[in-house]
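Given these sequences and hints, build the entire structure.
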Amino acid sequence: MTTTRSAARATPTAQAGGFFARLSSTQIVYLVALLVMIAGSILVATTGRNFFSPGNISAILTGTSVLGFIAIGQTLVILVGSLDLSVSYVTSLASLIGAGVMANRSENVLSAVALALGISAVIGLANGLIVAGLKVHGFIATLGMGLIISGYLATNYKGSFGQTPFSFRLIGATGLGPVPISTLIMLGCATLVILMLHRTRIGHHIYAVGGDRDVARMSGVRVPGAVITAHVICSVLAGMAGLLLASRLGVGSPTVGSQGGYDLLSIAAVVLGGTLLAGGKGSVVGTLGGVLIFAMLDNIMSVLQINPFLKDVVRGVVIVVAVAVYARRTVITRPPRFGHGGHQQELQP
Amino acid sequence: TTDQSISEDGGSPAASAPAQTEEATTEWFDQALYDEQFEQRTADFEGDPEQPWLQYIAGDMTDTADFAAEGAKKVCFANASISNPWRQTGWITMNQQLKVLQDEGVISEMETRDAQDDSNTQIADIDYFISEGNCDAFVISPNATAALTPAVERACETGKPVVVFDRGVETDCATTFIHPIGGFAWGIDTANFLSERLQQGDKVVALRILPGVDVLEQRWAAAEKIFEEKGIEATDYFTGADPTEIKKIISDELATGDVQGVWMDAGDGAVAAIEAFEDAGKDLPVMTGEDELSFLRKWKDTGIDALAPVYSNFQWRTPLLAVQKIFAGEEIPAEWVLPQTPIPAEELDDWLKRNEGMPDGHYAKFGGEDLPGYPEVWQQRQIP
Amino acid sequence: MSTILDPAAGREVLQHNRAGRGERFLRGLRTPGGGVFILLLALLVAIIVINPSFGEPESLIRFIGRTAPIAIAAIGQYFVIVSGEFDLSMGSVVAMQVIVAGNLIGDDDSKVIPVLALMFVLGAVIGLINGLITTLLKVPSFIVTLGMMLALLGLVLFWTGGAAQGNPADSFRQIGRGGIEDVPVLGIIPYPVIILTAVAVLAFWLMRRPYGRTLMAVGDNDVAAALTGARVWWVRTRAFMLSSLAATVAGILLVGYAGVHPSVGRGYEFTAITAVVLGGVVLGGGRGWVLSAAAGAFALEALFTLLNFMGVASTWRPTVQGVIIIVAVAAAAQSWQRKRRGGSAAAQSEQQRITAAPEPTEGTDKGGN
Amino acid sequence: MEGIVSSDAAENGQKRDQPVLEVRGLTKSFFGNPVLQDASLTLHPGEVHGVVGENGAGKSTLMKILAGVYQRDSGTVLLRGQSVQFSHPTQAHEAGLSTVFQEFNLLPDRTVAENIYLGREPRKGLLVSRAKMNAATADLLESLGIGSIRPTALARSLSVAEQQIVEIAKAVSYDARIISMDEPTAALSGPEVSLLYGIVQRLSERGTGILYVSHRLREIFDLCQTITVLKDGRIVGTKPAAELDDASLVRMMVGRPISAYFPDKLPAATAAESPAAAAGETAAPTPLLELEGAGNDQLDGIGLRLMPGEIVGVAGLQGSGRTELLHAVFGAAPFNRGSMQMDGRSARPHSPRQAVRQGIALITEDRKAQGLSLNQSLLDNALGVVRAVFPGRTSSVRREVAGSFSSLEVVARDLDQEVQYLSGGNQQKIVLAKWLAVSPRVVLLDEPTRGIDVGAKVAVYRLMRQLAAEGKGVLMVSSELPEVIGMSDRILVMRDGRLAGELPAGSTEEEILRLATGARVPGAAPEDGSTTGGTA
Ligand SMILES: Nc1ncnc2c1ncn2[C@@H]1O[C@H](COP(=O)(O)OP(=O)(O)OP(=O)(O)O)[C@@H](O)[C@H]1O
Ligand SMILES: Nc1ncnc2c1ncn2[C@@H]1O[C@H](COP(=O)(O)OP(=O)(O)OP(=O)(O)O)[C@@H](O)[C@H]1O
Ligand SMILES: [Mg+2]
Ligand SMILES: [Mg+2]
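Protein chains in written order, with my numbering: chain P, 67 to 415; chain H, 87 to 470; chain G, 3 to 371; chain D, 4 to 539.
It is possible that some hints are incorrect.
Unchecked claim - What follows is a list of derived Cβ distance ranges for each label pair:
no., chain 1, residue 1, chain 2, residue 2, range
1, G, LEU120, P, VAL188, 50 to 56 Å
2, P, ASN222, G, ILE182, 42 to 48 Å
3, G, PRO54, D, PHE393, 54 to 60 Å
4, G, VAL329, H, GLU314, 36 to 42 Å
5, G, GLY189, H, THR388, 18 to 24 Å
As the list claims (entries may be wrong) - Okay, derived cross-link-like pairs now, DSBU-like style, lysine-lysine, Cα gap no bigger than 35 Å in a straight line:
no., chain 1, residue 1, chain 2, residue 2
6, H, LYS311, H, LYS386
7, P, LYS377, G, LYS140
8, P, LYS377, H, LYS411
9, H, LYS289, H, LYS368
10, D, LYS268, D, LYS234
11, P, LYS377, H, LYS289
12, H, LYS411, H, LYS439
13, H, LYS185, P, LYS224
14, H, LYS439, G, LYS113
15, H, LYS246, H, LYS185
16, P, LYS347, P, LYS377
17, P, LYS201, G, LYS140
18, G, LYS113, H, LYS386
19, H, LYS386, H, LYS439
20, P, LYS347, D, LYS135
21, H, LYS289, H, LYS311
22, P, LYS347, D, LYS127
23, H, LYS311, P, LYS224
24, P, LYS377, H, LYS246
25, P, LYS347, P, LYS224
Stated by the list, open to error - Pulled from the structure, derived: some chain G residues nowhere near chain D, Cβ distances all over 10 Å:
no., residue
26, ILE40
27, PRO54
28, GLY189
29, ILE191
30, LEU309
31, VAL322
32, ILE326
What the hints contain is simulated information worked out from the structure, not anything from laboratory work.
C-beta: ideal position from N, C-alpha, C; glycine also.
Written out as structure tokens, the structure reads:
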């Protein structure tokens, strides 16, 4: 549908007072992360532990890497205005292909990685084509794709499969000091994606397409290209997550992705990181903050030995509350002409 | 997450997982293991039959003299999850057992991490215990056999005692591995029961939970083989343990033709299966369920011809008792095979009576009658 | 501006300016929302070909009965989707209600009514919370209901220790399990069929009421709706409440149908959304019919039944389901698009001046819904 | 950088007589419904070619085919003598044709520079160079005389007019030989329009051919050398502007003479129904609407009175707060200070709903985004307000809908057609109908004739007169000064969120503009709105 000139202007102007209003959402994410860290270090201290001990930091960072890979990809897909619910199955599939092809021989590592990522890319391509070409809502396209893969997994793989060689397992098991290699690789991928988003045309186009598909199209952006690129990269990153899991587990597993619940959790992390669910606005840096918040939260709850059912309650509440914090304070579209603070424009319900 | 993932009771001897997992393990049947478990069903168990959780089949013993030590010890427990009634019941029992041992000054505390069905999380949990836990002993209930092997090996490398129970791992570095006889035994008991009562050409519907979980697959692998030998027609379905699904499947089966037997992976959907027959106005089938009370009660109510195989829930007590023995320096079985005796019709009333007032999701052979808090803690399902 | 017409004449003028009932019906059938009925019919025929006994009235009515819970859930989800939102908490609400029934009613018949009332209140309150957080705090509903899904299930499991106390009294379970017996031809009319019919009629009626039409307008363009004086927040919040209430009804039927188990209702949200979308309802709101959503649920169930009868390994089921929803939604998207581009002749055919001249026409008016 | 300067002005000069663009027999139908039939036109370098026609005549369709957004069914397009067919806007850009679309916008969350260079971001090596992009944008804006806009500002932080200018700058930045502009001034007023005039002239001097679509005939005559009139998808004729005047052009467009642009006042036949009149002739009539010292964060010191049967025009520059004023009265962005009275009773609506209940209606300036549910039928849209606010009255109003559409001369397939398929004018009539259905007493009109054709405009004017005659109060915001002057009983002028003054009917455009821009006008009221806002 076409946008008319003033449509974009009709966005509401919400203002929270002073300091808070001036922060970007990424800054707020990290502020929240900082609060979680402070609360965490106090709570952890009450059990006689040290939140900042190398072992704990390593545990937290390990918690960020798998979800991190997937959430970075999910950020791209959400930025371009789509969603990816198939990531957890892609992750499982990649772990199986990776471990299966490696078959405990280091000389197979390269071909296994290439094949796993290649197949992930093909799935991403299919997702992208369905979304961009057939105009199927990303939610449905990737839900469907996830179902298709899950059927394949359930039929063809009974339990764990393959084996990763020792050299490959090191990736999941070693670290530089308290920083796991896997986290470093994840951060490396994040850097590449950030570079792509800000310094390449396709990155700019991803933002543009998510912001307004028609505007982008009329400006000469090839919309399907941006959508497909985002989906392909997202799937490849999910594949990376699968390989990382294969490295940590030593085998591939048809359920490792869905066990982690990475599909919904990654979307939650992206939104927690300040990216608009509708697309067009947000950042990978914010997403990393969201992932970090989740990882710290899990760590704290584990140290405190919270009942596992209550963990889900806390996660659920934190997602909603945190997003409410900045959803309420939408971007200021127009400075007030008179008075300070002022009212809320209730144009958009 | 709300996804039920690999869960359900499970456990397989380390040896069970094929050593080379390079092939897709689509064939679960393993003749040697089948034969072994076939024998174990009737083997003599050492120890007091009144305390089945301490019984074991004679075999290799681990010398734990090196671990002998005075004073209360800290145990670190890496749990796969408590995401199904079987695990929940066991977890409650384990905690009551812990209280006893704490009172006796054997265990100072047990730090638990629950991986919520995620192998990756459980690996991280074990690594955390190793680096931060100050653990004197590790208890591990692995989420998956192959995936947890490296992490269990790392725990072993600390030189502290490691107790693995329920599902196994592909290493025998652990001080002991505790489990009931196993999936093949379950399959043999149930399939034999059904075959005895059915005729050649009769139809059995097998309601399974999930694909790919070794102990569950072994149950079916054994049962399928026996059905085939006996000429019984068996169709299997995966239900995700969802009673709605179960009822639909049975209804559709009954719409196509008669069904004489029902075989189940677990008991908690059995009620729905029986009700599908009732609603369709068909004769009730011969059936195998599990020692979950919902099934036992329905069995009693309907008076069907049934058997409740057991995947001994009392095994959740054993790991802590094993830790006690380890620090006392007593030798313990390297592979601690616990008895696994189905409940036949004759014993039904007895087991129902013993578990009066327990919720439907409770397991008859939970083995915690002598623990403090009995029966309220189990009745109210107080999960720590 | 008031016109000079008396009511009767006004009605006639209205008729005159609308296509006849038959034509509107045909037009409807050509939209994705109509297409799902054809898909459903095709699936049923296929099932009956494979297994003729399914075609017997008794089998069919039982099929309708057991599909009722998911169809009701789909109807509830429809309200939320058509208003432009998502409700992912549905499965958890079902699970919660199942466990509430199992734990609070027990064997005590006298508790049935009060607990039923409590369940409806709980359902409404959850919907209210979802709705208010979405509309007033402006958190995307995807996130709100995702949080609700996690938190609610966690709370319920925590409260019950993961297992229900037991099956509730038979009188309660009859709602989902029993029926009017000894009916000629059909044999039995399951209560779920009656309840589904009631819910469908109610939903159909509601969507033709001012509330329903306003809900649709809100889903289409909420800014415009707000500027016509609609209380958008309240309109949407009520949609969330309807969704949770529908999940409650589905839960009540499921307790009867399948008994109490925490895994009842698992994945219901995605099944319901799939059904709604299969019914041609557009994610993002403002388009689609409520009965098509229910038909989508039936089509989905019929598909699974067909696969069972065909002996397709149950592990392949998700794959087939995935292919079907992608294909169906792609087809619907193409169809809406063709129409948008002026595609179907009906969209652009002879423009005329809307007239006020009353002319006798047959038939009574019938809404798009 | 790729500035606005055509690389080879000399070459263009030589070829001035040779057309840059020739359109021959262009035909386009949307699935059987012809929208363009055998349309032909010729554009020479440096020529500004006006394209006019009623709503739905096919102007935008023509522009979109040229731009590669739509594909033609048949016909040829020759660009500098070469036949071309674009399947994507990029190809048009590469061939030197750029377009300012009618329904086109900037990405609010991207910077000005990112918006302008979207789709062809300047690179250094493989990477996009922001520095290059920002510098090029700064140069471009500077050369267009709008150097005050920062290249790194987010689009959403710009004023409406600035956003529009940025869009034009974007079209210019393609260094195109042909630029088509589809209603570029629809959102502009006074000074910005002259800025645009400057840009158009400069481009034309450099030999760029310009296709200029507008409903504002004065601009057409000011800017264009040649005028092509489209009607129902066919070319009625192409003539030098010098041979045409308002009347003859309108006749060509409409095909029938329009007797009077602005209908006369109707006798206040029903004025006796107004509460004030009913109370007796002795007392001065109570104002329908009265504001005093009202304000919020966008408005301050607003004081005004609207009497029954009155049409009050509100003029002002873009962004002066006229829309804000209507939205404040309507409760969409409520006042938070001062008083507001209706019929002498205090009434300050805090939501549109309260306003509607009090008898206020708001016809928004942006039909598609704020006025209509595009996927819903005519009938559903027309019943929107009743259903949302007075559900009890739905069935009686429902019976009157057809009559109401008929007197507004709505053209559509039938009442079940979705409004997205209607032309702009008809859509505006649907918006009016939905408000008339609840018989409001105060009608707020925001740019009621924006982007609609002459015929539809007259219908709107007649309706306003009729409302006034029925004793209702009409407050009309408009950027088209002739309209404000032609319709209003009094004219309020806004500047910077305040009322700058009030002018009587019959004031001139100069007087209005002087108030709107802040230049002092002798005899006009002082700037403080609170003391001047009232009725004379
Ligand atoms: N995408 C489309 N699909 C179907 N019909 C369309 C489409 N775009 C335009 N039309 C129809 O084509 C006709 C011409 O529309 P167009 O937008 O070209 O008119 P216009 O002259 O620009 O009018 P306005 O002055 O209102 O902008 C109208 O009847 C319109 O309804
Ligand atoms: N810079 C801006 N950014 C976002 N929204 C704006 C901006 N300027 C104006 N608006 C919005 O656009 C609408 C018109 O604003 P305003 O009252 O300032 O202008 P106006 O004098 O009514 O001009 P117009 O002729 O556009 O109606 C209002 O809804 C206002 O909130
Ligand atoms: Mg146009
Ligand atoms: Mg305005």
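Here is what the structure says about each hint:
no., hint, in the structure
1, G:LEU120 - P:VAL188: 50 to 56 Å, "51 Å, holds"
2, P:ASN222 - G:ILE182: 42 to 48 Å, "47 Å, holds"
3, G:PRO54 - D:PHE393: 54 to 60 Å, "55 Å, holds"
4, G:VAL329 - H:GLU314: 36 to 42 Å, "38 Å, holds"
5, G:GLY189 - H:THR388: 18 to 24 Å, "22 Å, holds"
6, H:LYS311 - H:LYS386, "30 Å, holds"
7, P:LYS377 - G:LYS140, "25 Å, holds"
8, P:LYS377 - H:LYS411, "34 Å, holds"
9, H:LYS289 - H:LYS368, "14 Å, holds"
10, D:LYS268 - D:LYS234, "30 Å, holds"
11, P:LYS377 - H:LYS289, "45 Å, violated"
12, H:LYS411 - H:LYS439, "33 Å, holds"
13, H:LYS185 - P:LYS224, "39 Å, violated"
14, H:LYS439 - G:LYS113, "26 Å, holds"
15, H:LYS246 - H:LYS185, "22 Å, holds"
16, P:LYS347 - P:LYS377, "30 Å, holds"
17, P:LYS201 - G:LYS140, "27 Å, holds"
18, G:LYS113 - H:LYS386, "25 Å, holds"
19, H:LYS386 - H:LYS439, "11 Å, holds"
20, P:LYS347 - D:LYS135, "23 Å, holds"
21, H:LYS289 - H:LYS311, "15 Å, holds"
22, P:LYS347 - D:LYS127, "25 Å, holds"
23, H:LYS311 - P:LYS224, "18 Å, holds"
24, P:LYS377 - H:LYS246, "30 Å, holds"
25, P:LYS347 - P:LYS224, "42 Å, violated"
26, ILE40, "21 Å, holds"
27, PRO54, "41 Å, holds"
28, GLY189, "42 Å, holds"
29, ILE191, "34 Å, holds"
30, LEU309, "35 Å, holds"
31, VAL322, "31 Å, holds"
32, ILE326, "25 Å, holds"
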